[in-house]
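Peer 1: Chains as they are written, first to last, in my numbering: chain A, -17 to 321; chain B, -17 to 321.
If you are wondering where the hints come from, they were derived from the structure by calculation, not from laboratory data.
Some hints could be false.
If chains are identical, the list can't say which one is meant, so a pair holds when it fits in one copy or spans any two.
To be verified - Here are the simulated lysine to any residue pairs, SDA-like style, with alpha carbons at most 20 Å apart:
{"#": "1", "residue 1": "K128", "residue 2": "D264"}
{"#": "2", "residue 1": "K267", "residue 2": "E320"}
{"#": "3", "residue 1": "K194", "residue 2": "S41"}
{"#": "4", "residue 1": "K100", "residue 2": "W279"}
{"#": "5", "residue 1": "K191", "residue 2": "S41"}
{"#": "6", "residue 1": "K194", "residue 2": "L8"}
{"#": "7", "residue 1": "K199", "residue 2": "V45"}
Remember, it's a predicted structure, so these values are computed and weren't measured experimentally.
2 protein chains.
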Amino acid sequence: MSPSLQRKIVLVARPEGEIKDSDFRLEEGELPETQPGQVRIRNVYLSIDPAIRGWLNASAGYVEPIAVGDVIRSAAIGQIAESKHEDYPEGTWVSGLMGWEEYSTLSPQHTLRKIPEKPGVPRSYYAGVLGGNGLTAYLGLTFVGKPKTGETVVVSAAAGGVGSLVGQIAKLQGCRVIGITSSEVKARWITEELGFDAAIRYRDEDVVKELKANCPKGIDVYFDNVGGMILNDVLTRINVGSRIVLCGAISQINESELPPGPSNYIRLLTKRASMQGFVTLDYAKQWPEAAKELAQWVRSGKLLVRETRRHGLEQAPAALRSLFLGENMGKSLVQICEE
Amino acid sequence: MSPSLQRKIVLVARPEGEIKDSDFRLEEGELPETQPGQVRIRNVYLSIDPAIRGWLNASAGYVEPIAVGDVIRSAAIGQIAESKHEDYPEGTWVSGLMGWEEYSTLSPQHTLRKIPEKPGVPRSYYAGVLGGNGLTAYLGLTFVGKPKTGETVVVSAAAGGVGSLVGQIAKLQGCRVIGITSSEVKARWITEELGFDAAIRYRDEDVVKELKANCPKGIDVYFDNVGGMILNDVLTRINVGSRIVLCGAISQINESELPPGPSNYIRLLTKRASMQGFVTLDYAKQWPEAAKELAQWVRSGKLLVRETRRHGLEQAPAALRSLFLGENMGKSLVQICEE
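This is chain A alone, in the form it adopts within the complex (with noise of 0.2 Å):
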């Protein structure tokens, strides 16, 4: 039986600018009742994704901000502790959009996908690789970079859960692949283990220079994660009909006012360029194919998966700040309780 208390983290104040411990606030309370069709999951894994910063913003972008005083939103893997709907039996495992809270109790239709009983996989990559992570960088290199054998791909925030990811599977398409990243360590990851061709540390190298030595035949496919100077730089060495796929902008995701834009942007007309936005909601007939090969790969070792995993509720906060610190390698994760 679930216990009637849980601990849970609520948005007290919308941020300005960077995230600040004051803006959450742990709190105990009485947990609802299980409702008809509705199912009480234990979570044991939270997902931490820079998407969470914006939806703290009064304008979220396309989906719902969180309101002040809710719990944080989050997608999350657990376990089904009670159900009231018989497709979702007690026991069963699920990744799905859950909270910063020990328990969630919700209707199950278009948010939560089962786990296999026995994936053969670590549960976490449910949130990761096999998780939005895997479908975002699938999806957006296959249908909006649309990678071809022989081009060059440069991604940025090469190191984290969804950069990672596009670097390997354009590197099993095989393309040439440059990774843009923060760290020494981050930087031999990805070509030591993960087989990137090259990678450039944006902090302490000129990306524009680096771009030019390590992508001699220019920039077909540019996977965007930061937005910023960093695309900027890049747009600097596209191709001519090369594709740019903006999937987040981590480094203006804090800023209260826009800064300028890439006025380099003027390229993508002298090279007959696209730059799409992008988000893995658009594309939900290509999920159950994406998941499979993902599944496959990871399986068969062809793709390679790190996670930086924190334990316990209450260090949430400190761990979604730290993807903007570029602290964080792979896959970030919460841990709150035991499987």
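Chain A is already provided as a structure; the job is to place chain B on it using the hints.
Peer 2: Coordinates of chain B only, in the frame set by chain A:
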């Protein structure tokens, strides 16, 4: 027989910022011999296009810059005065890439298109609606903008040689069309004569506010001839899945340093929209189909054409400068001799 001397306008110095009279020189020089395989064309109409300003820069984008000392390259309409090429007999009217000069001596391949003997429209139209402007408007709108019936299309430089056609073609396709232009007289022309649904005068009106009022369902296609702040304003109102056609950046072409880019480009991400550069060269296969449909529309009166015509070769630099001052209405031409 054609003469042995001709007048021409050459580039004296690469302009910095706005063009000045001293960047050009009117020269008299000897006509080169017409070699076997070549023709000599008596130029009648010079097509004055913003692209010429780009060619004056050291880095001209997707074509070679004009060298200092060389004649100014220009699309033009002329008649063959002397021929050493059997496919182009004397008297044939042609359009092509010629120069600001009385006679152009060249090899016809890849350059010249013949104009029908009895075109049924003014021959000068082959420099505009039935030439580069028409192809640009038709192909850019059709293949990059992809408007659907009932959608909202916005076009900038809406009273210009390209913009005035884009808006009319979008109306023929059943769209709501809003034109952004400079003056009251232009605003009245495009709404009262060309059938645009509304005009926004960017010098006198709040563009964001007017876009909001005039595009109640948001913007599905933006055909961008100007770049800069207007692009940034349009980005505030784009719909999910919208398409921005980058066709020109007349507001930036005079700048020697790139101005800040559009900070609202980030809305491409939240709106899963695309921004794509476009030049007609990439759609050569579709030229005949486009030219045929444009000619039908012009002859049946569905597409209205207006020309701003100056007289005398020496007027060419002023005509070019005038494009950037918003003084121009419809297609800008310099007629350098009688037909």
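Peer 1: Run every hint past the structure and note whether it holds.
Peer 2: Status of each hint after checking the structure:
1. Proximity of K128 to D264 under the C-alpha cut-off of 20 Å is found in both arrangements, the shortest distances being 16 Å within a copy and 19 Å between copies.
2. Taking the shortest Cα distances, K267 and E320 never come within 20 Å of each other, neither inside one copy (34 Å) nor across copies (62 Å).
3. Taking the shortest alpha-carbon separations for K194 and S41, only the inter-copy value of 18 Å comes in at or below 20 Å, while the best intra-copy value is 38 Å.
4. For the homomeric pair K100 and W279, the shortest alpha-carbon distance inside one copy (17 Å) is at most 20 Å, but the shortest distance between copies (65 Å) is not.
5. Taking the shortest Cα distances, K191 and S41 sit within 20 Å of each other only across copies (19 Å), while inside one copy they are farther apart (37 Å).
6. Proximity of K194 to L8 under the C-alpha cut-off of 20 Å is found in neither arrangement, the shortest distances being 48 Å within a copy and 41 Å between copies.
7. In the homo-oligomer, the alpha carbons of K199 and V45 lie at most 20 Å apart only across protomers (19 Å), although the nearest pairing inside one protomer, at 39 Å, exceeds that limit.
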